[in-house]
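Please dock the two separately framed chains into a single complex, following the hints provided.
The residues making up each chain are set out below.
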Amino acid sequence: MELSKRGIISNFDRKRPSVKFSYVVCYVVAIGVAISTLYPLLWVFFGSLKEAKEIFYVPPTLLPRTFLWENYLRAWQFYAIPKVFRNTLVIYAGFVGVRLLSLSAAAYALAHMRLPCRRGIYMLFLATLMLPFFAYLIPSYLIIFRLGLLDSFWAVCLPAGADSYSLLLLKNYFDGIPGEIFESARIDGASELLVLRKIVLPLAKPIIAVLGIFAFIHVWRDFVWQRIVLPSAHKWTVSIALWYHSLGNQGAVLPQNVQLAAMLISTLPPMIIFLIFQRYIIEGVSFTGLKG
Amino acid sequence: MIEVKTRHLEQMSIPPVKPVGYVVRKNFSRYGMGLAFLVPAFIFYAIFQWAPIIYNFFLAFQNYIPGLPAKWVGWANFRRVLGDSLLPIAIKNTLAFTGWALLIGFVVPIITAITITELRKGRSFFRLAVYMPNIIPAIALYVMWLYLFNPAVGLLNQILNFFHIPSSEWLLSPKTALVSLVMMSTWANFGSTAVLYMASLSSISEELYEAAEIDGAGVWKRIRHITLPALKPTILILLLMQLIFTIQVLQEPMVMTGGGPNNATMTVMYMVYNYAFVYAEFGKAGALGILLFIFLMVLSLVYVKANKLVEKEAR
Numbered sequence: 001m002e003l004s005k006r007g008i009i010s011n012f013d014r015k016r017p018s019v020k021f022s023y024v025v026c027y028v029v030a031i032g033v034a035i036s037t038l039y040p041l042l043w044v045f046f047g048s049l050k051e052a053k054e055i056f057y058v059p060p061t062l063l064p065r066t067f068l069w070e071n072y073l074r075a076w077q078f079y080a081i082p083k084v085f086r087n088t089l090v091i092y093a094g095f096v097g098v099r100l101l102s103l104s105a106a107a108y109a110l111a112h113m114r115l116p117c118r119r120g121i122y123m124l125f126l127a128t129l130m131l132p133f134f135a136y137l138i139p140s141y142l143i144i145f146r147l148g149l150l151d152s153f154w155a156v157c158l159p160a161g162a163d164s165y166s167l168l169l170l171k172n173y174f175d176g177i178p179g180e181i182f183e184s185a186r187i188d189g190a191s192e193l194l195v196l197r198k199i200v201l202p203l204a205k206p207i208i209a210v211l212g213i214f215a216f217i218h219v220w221r222d223f224v225w226q227r228i229v230l231p232s233a234h235k236w237t238v239s240i241a242l243w244y245h246s247l248g249n250q251g252a253v254l255p256q257n258v259q260l261a262a263m264l265i266s267t268l269p270p271m272i273i274f275l276i277f278q279r280y281i282i283e284g285v286s287f288t289g290l291k292g
Numbered sequence: 001m002i003e004v005k006t007r008h009l010e011q012m013s014i015p016p017v018k019p020v021g022y023v024v025r026k027n028f029s030r031y032g033m034g035l036a037f038l039v040p041a042f043i044f045y046a047i048f049q050w051a052p053i054i055y056n057f058f059l060a061f062q063n064y065i066p067g068l069p070a071k072w073v074g075w076a077n078f079r080r081v082l083g084d085s086l087l088p089i090a091i092k093n094t095l096a097f098t099g100w101a102l103l104i105g106f107v108v109p110i111i112t113a114i115t116i117t118e119l120r121k122g123r124s125f126f127r128l129a130v131y132m133p134n135i136i137p138a139i140a141l142y143v144m145w146l147y148l149f150n151p152a153v154g155l156l157n158q159i160l161n162f163f164h165i166p167s168s169e170w171l172l173s174p175k176t177a178l179v180s181l182v183m184m185s186t187w188a189n190f191g192s193t194a195v196l197y198m199a200s201l202s203s204i205s206e207e208l209y210e211a212a213e214i215d216g217a218g219v220w221k222r223i224r225h226i227t228l229p230a231l232k233p234t235i236l237i238l239l240l241m242q243l244i245f246t247i248q249v250l251q252e253p254m255v256m257t258g259g260g261p262n263n264a265t266m267t268v269m270y271m272v273y274n275y276a277f278v279y280a281e282f283g284k285a286g287a288l289g290i291l292l293f294i295f296l297m298v299l300s301l302v303y304v305k306a307n308k309l310v311e312k313e314a315r
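As given, the protein sequences belong to chains P and Z, one line each in that order. Reminder that position 26 of the first sequence reads as 26 in the numbering used here, one-by-one numbering, no gaps. Reminder that position 249 of the second sequence reads as 249 in the numbering used here, one-by-one numbering, no gaps.
Just chain Z, same shape as in the assembly (with noise of 0.2 angstroms):
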């Protein structure tokens, strides 16, 4: 009400030709406090989102060493950088890393997640449990699983003794040693990612069940129908978060491996850190972190586009 009226008055007072000073002061005690709201979050979005991506940019076009004046040196950067002969090892051990982290992080979170929405008793005790890795810190799970992994005295070879198979090297060989990253990131993990699970099952309304039950549906049928469609937002979301998250690999084969052995857990962004902090030649992993970001911005677009076809065709 108060509103309506403060507007009749302004539209009275409105003169023939409207001065600039006029429009923004107008303006100004309109939005004025709205926006000065924001300043505080537009600051720090500004320095510590916006003006880094933009400042790649510039920098993979540089030689730069912290301290010293920048040069410019044109594509030199790119060039290095693409004939770097260790490229190609740490592109297919990322995109190798990558395809076992979604194929089990992306099964076992739906399995555990619909078990455990299933059971009548002790589900939250479940979920619980299930979280509880997450909460972890990053290096406390290196160390305990360095001490899993420890091939001697370990627990995940005397697990497979306890069943009969030979002992593995885990992460002292170059065969295992991704796949025992991404068995380790994926125990660290999975939890989260279930627990979303379990929100949008314990979403799907009960009557659609019992209609299907009627029906004469039996129990795969109802997940099949039922819930394996209703997930399916859910998870393209947690799709494209996680491969998002897994390409980026860094922490896990940097601190427990250090890209070994004989190269087998080298990833790209692991590269781009070892070209700014081990070797100081930030104009590179400038040019290294620009490829990567611009694979993972195209890889997002096509991975909306082609859902939404998927879409359209399915109707």
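With the rest of the complex left out, here is chain P (with noise of 0.2 angstroms):
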């Protein structure tokens, strides 16, 4: 996203008093909103480290007392963190290769093969964009149930093969690369797996790299729809664990200090993913807004 040297406040306009007011007034509400989404964050952070009484002192204390890492070794045990990343993990590449094998092979066709009424395909597919996931929540879980998918990691991965906003993404993406390319390739004798395994993407990684932040984020917070198809404790996702030892039946016999750790713990992955691709991933969010 490239951004503008002037917005609605030209540097003439700053030297007026007025003005100059209104500019500290938006200093003022972006601090105070940043505030807003990192200070919880870092309350948060102290209390995991806080003993299990310390939590509930009134007045609150701010900083621990003591810094009990420890809390993160007991969470890090008793929600099985190794387990349930590697669930979460095996999930998320099946989810991102049924996406990208379904999704990058429709786009290219769309985009740059001969189709009969190519409009009317692609509108076909893009119907379902506006709907929302839990209007058929019920219907897909019974379909995965006749399929007998239930309680088997494809339950999560295969539907990923069917996502809208993805294909947008991807046919934009196509639609921007000169058809001459793949023309002259098909010339050559190229046949068109060869096209897209050679040429289509490699030169479409910067998408896929967008979809593929999109949907590790998406698999790590995704919850309901984990939760109806994987009962069974050994298929459990981050989500899950997290759930159930928090704020299912479990949630009163642990202390709120591991609660917190393991909350943080289940964070950290994406938070990492985000801090180091975040021009990807808020270009990808621009991208969609603009075309969708």
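In case anyone wonders, no lab produced these hints; they're calculated from the structure. Built from N, CA and C at the ideal position, the CB exists for glycine as well. It is possible that part of the hints are untrue.
Cβ-to-Cβ under 7 angstroms is the rule here; a few derived chain Z residues that face chain P [said to hold, decoys possible]:
#, residue
1, Ile-53
2, Ile-139
3, Val-219
4, Met-269
Now the structure itself:
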């Protein structure tokens, strides 16, 4: 996203006292918003290091009296973090694989191959773009049940193959690649599969990165669907384990500080991904919004 | 060039009466490969997007428990769902949630986006900070906010007390529970909306502002006559998306309040979920799901139509 040098307020304006004041107000608002998003996280972090008793002190303390890092160790063991992280990552791999296989081929065909009534087909795929996922939660569950996929990772991975949002992104991206590249490869005798593998996918790396990051954040945060299709404990994902031990039946048993430690551990992977790839994410968000 | 040549050859070889097989073969060699590339996506869409919608219509007229044969019951499910004494409460709560979420979730991102875009320094930091809550996984968010909402030791009451405002019960009181959920979900989601507005703000050309400034338009006038009209398409799309997104609110009340206290946070979608996964009455879940589905479709059609009308009149 290219940012402009001037906004509504120009350099000239800024010398006027009344505008100067509102420019300061802008900063105050921005800082206020940043505090409101970051401070609670910091506060929870301090809470996760406190003793179990100290959390319930009135008046509450801000900094923990002793930094109990062992809360994190307890959370790590109690929530079986290695197991649930592994499950979630396995699901993520399948999720992204299925989505890219299904949608990159379709988007390439829609953008650069000969098709009868291309627009009609595209509209058919996009028809469900605005459709809320929860509106067909129940029938989707029953279809998974009938396919015998209940309690299998495939129940989370396979539906990823149909996603209008990602298709829209990929198709828009492919539309931006000039068709001559593919034409000349075809004339040289390359098959369509070869073109897809050797030319399209390498060119599409940025958009694939965006989709991959979004998919990661999605798989990591999704709850209701995973909860209903993955009942057995050894298949649990991060979301389910966190829910079960912190908010479900077990909630009252665990001390608050360990719960908060587990919450922060589970937030760490997407947070790291976000900090590394923030440009991709923010550009991806902007792109979908403008085109969608 | 190649294209033209083959077409020419094809035309020469067309016999006076085309046999069906020829037409099929010709179209296949023309479109076959492209269609083959669509097959995987087509299968996934058929199973996971189109079939569920169609299936839901059948489900609504059946008594069905997974594993047992379905029984056709006509309109009985609809009658039972509409007669459910919980439904009016759930509809009221859902509309209240949507109303609040749109009111807060609509204004806050726009103001945030405009102010942050105006800053000369630290823009990318603020953008990062604003987007941060979107990254927190949903369940982690709930764990965190249950702690923040805690009436005795939570951060929110601490802040209220700091300003000498009496403590609130937040999720524990029927009066404030729903609004508390709205607060939380606004906090969690406003960043992505704000980033969208920032993108469309930065696409407004500087010359427009220059020209307006030369003509003597003050800052407020520039916002009113340039910024807001330029944001209008984004605003319209996002309003519709937020509306559809918030009307199906399920996860927050389900996990954080269980619909309580005293059904104050019971929503329509939560009723659908309960019918299916608590009471195993999938037919009723289907019926209520269909009603919600139709309502959302009608709503978005009306919305699109109304916008077109307004635009026409404006011209």
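Now for the hints, and whether the structure bears them out:
With 7 angstroms as the threshold, the beta carbon of Z/Ile-53 comes within range of chain P, its nearest partner Cβ sitting at about 6 angstroms, so the hint holds. Satisfaction of the interface hint for Z/Ile-139 is found here, the shortest Cβ-Cβ separation to chain P being roughly 5 angstroms, below the 7 angstroms cut-off. A least Cβ separation of about 6 angstroms between Z/Val-219 and chain P falls short of the 7 angstroms threshold, and the interface hint therefore holds. About 5 angstroms separates the beta-carbon of Z/Met-269 from the nearest beta-carbon of chain P, less than 7 angstroms, and the hint is met.
Violated hints are absent here; each numbered hint is respected by the structure.
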